[in-house]
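Colleague: Each chain, letter by letter, is given below.
2 protein chains.
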Amino acid sequence: MTSPTGPARTRPTRMVERVSDHDIEALTTLLDANRVAHVAFVSADAQPVVLPIAFARDGDNLLLHGSTASRWLRAIAQAIPVSVAVTSLDALVIARSAFESSMRYRSAVLFGRCRPVEDSAKQAALDLITEALLPGRVAELRRPTAKELAATLVLRFTVEDFTIKVAQGWPDDSPEDVRGSAWAGVLPFETRLPQAYPAPDLRPGIDLPESVRRLLGGAPA
Amino acid sequence: MTSPTGPARTRPTRMVERVSDHDIEALTTLLDANRVAHVAFVSADAQPVVLPIAFARDGDNLLLHGSTASRWLRAIAQAIPVSVAVTSLDALVIARSAFESSMRYRSAVLFGRCRPVEDSAKQAALDLITEALLPGRVAELRRPTAKELAATLVLRFTVEDFTIKVAQGWPDDSPEDVRGSAWAGVLPFETRLPQAYPAPDLRPGIDLPESVRRLLGGAPA
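Those protein sequence lines, which keep their order, are chains G and L. So the first sequence is residues 19 to 239, counted in the numbering used here. So the second sequence is residues 19 to 239, counted in the numbering used here.
Some hints here could point you the wrong way.
Identical chains blur together in the list; that is why a pair holds if it fits in one copy or across any two.
[As the list claims (entries may be wrong)] As a list, the in silico DMTMM-like pairs of lysine to aspartate or glutamate whose alpha-carbon atoms are at most 20 Å apart:
| no. | residue 1 | residue 2 |
| --- | --- | --- |
| 1 | Lys165 | Asp195 |
| 2 | Lys165 | Asp41 |
| 3 | Lys183 | Glu43 |
| 4 | Lys140 | Glu194 |
| 5 | Lys183 | Asp145 |
| 6 | Lys165 | Asp190 |
| 7 | Lys140 | Asp225 |
| 8 | Lys165 | Glu118 |
| 9 | Lys165 | Glu194 |
| 10 | Lys183 | Glu228 |
| 11 | Lys183 | Asp39 |
Just so you know, the hints here were simulated from the structure itself, not pulled from any lab data.
So that you can see chain G by itself, here it is in the shape it has in the complex (with noise of 0.2 Å):
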């Protein structure tokens, strides 16, 4: 991912400005190990609203999708302004007191506007989509149908701006806290798709695919 252009470079506020190739890189890393994102926007009586949607980054950008008749989704695709948070919890840090006690986390908010992808290019975002989910997927899967392709609302999130925090850091007691007799230290949480379950209706002789074979054991996010 490089550095956010266009209108971020207009705006002397947050934290472009100072956006190191560390930050750029660690968005990157915690872009690509997230599935969901939290979309938050402004609705037309002028309440805030945050919604889960499923994402996948595609350089720059990301590509957010979902049905056509997602009644918020066609409200974030009139390019205003929007809030994204992509936050990956890592560790409970648990320290000697409960005020020191915290988390291991990587939290980017990005600032833009989402705009529909045109249908021309439609079908490309969709695979980049499948396959970020699930890699090798799409080889596996037939075409999708011009219905489909007309039921699903692809957009495109330009970033504009973004702040990213990572906290990976040990407890920090106090002197006297660390003299005392509490246990301080650090649960990392691991998480795996430790199986398949096939569904009800799947043929006999059918068996798994190389891409959830891929996946199985593995740690997705």
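Given the coordinates of chain G, assemble chain L onto it according to the supplied hints.
Modeller: Just chain L, lined up with the frame of chain G:
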């Protein structure tokens, strides 16, 4: 969790009128299984902002907390409209087409307002948050200092309205796709805390506390 009361009753919009006991139970289970919410609000310059914030359920309300130095947390504290998403991703749903592929998830979107917890109730609220993260931990720790309490902003989020979506199905492919050769099934996510790593400055002879031992190997959400 009981049905939202007060302001919600005066609002004819959205879901509150058709909230069922089943929805309330699903919401309570979802809130208790998660430690981080995504909180959205409208900034002073009319921009949407979404942030991950640790939370705990306290009866019908949520408790949020953070540093009194957090500008955004102080903004939320002003009883402005806030939207809170709590999301569990439960499984990948791998269908015989990209179109039908999806996720099993539980998603709650709550609407309401935050107000600071009064000083007299702050310590009890923080204890509740600590216990939600690590049950049994409060009894193992010294009490917070006055300085720590003063540095912590605790907010009570009052739920005025909510929606909950629970998707727990199997791939729903067309008969034609079922007759094809593609595999279909479900891959559940499993999240664990497999191991505790002592802090580098932990003094020798301090064993794992009971609270941490109970949590290890479990599925904390």
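Colleague: With identical chains treated as interchangeable, where does the CA-CA distance between Lys183 and Glu43 reach 20 Å or less: within a copy, between copies, both, or neither?
Modeller: Cα proximity of Lys183 and Glu43: one copy only (12 Å, versus 34 Å across).
Colleague: I want to check one pair: Lys165 and Asp41. Are their C-alpha atoms no more than 20 Å apart within a copy, between two copies, both, or neither?
Modeller: neither (41 Å within a copy, 33 Å between copies)
Colleague: When no copy is named, should Lys140 and Glu194 be tagged within, between, both, or neither for a Cα gap of at most 20 Å?
Modeller: Neither. Shortest intra-copy (60 Å) and inter-copy (24 Å) distances fail the 20 Å Cα cut-off.
Colleague: Are the CA atoms of Lys183 and Asp145 at most 20 Å apart within a copy, between copies, both, or neither?
Modeller: Neither: 30 Å inside a chain and 26 Å across chains, both beyond 20 Å.
Colleague: My question is about Lys183 and Glu228: at a cut-off of 20 Å on alpha-carbon distance, are they close within one copy, between copies, both, or neither?
Modeller: neither (36 Å within a copy, 31 Å between copies)
Colleague: If the cutoff is 20 Å on CA atoms, where do Lys183 and Asp39 land: within, between, both or neither? Let me know, please.
Modeller: within (14 Å within a copy, 39 Å between copies)
Colleague: From the Cα coordinates, with 20 Å as the cut-off, is the pair Lys165 and Glu194 best called within, between, both, or neither?
Modeller: The answer is between: 15 Å across copies meets 20 Å, while 67 Å in one copy does not.
Colleague: Regarding Lys165 and Asp195, is the shortest C-alpha distance of 20 Å or less found within a copy, between copies, in both, or in neither?
Modeller: between (64 Å within a copy, 15 Å between copies)
Colleague: First find the shortest C-alpha distance between Lys165 and Asp190 inside one copy, then the shortest across copies, and answer within, between, both or neither for a cut-off of 20 Å.
Modeller: For Lys165 and Asp190, only the inter-copy Cα distance (16 Å) is at most 20 Å; the intra-copy one is 56 Å.
Colleague: For Lys140 and Asp225, with the copy left unspecified, which applies at a CA distance of at most 20 Å: within, between, both, or neither?
Modeller: neither (30 Å within a copy, 56 Å between copies)
Colleague: Given a CA cutoff of 20 Å, do Lys165 and Glu118 count as a within-copy pair, a between-copy pair, both, or neither?
Modeller: Intra 54 Å, inter 13 Å, cutoff 20 Å: inter-copy only.
Consistency note: the structure conflicts with the earlier hints numbered 2, 4, 5, 7 and 10.
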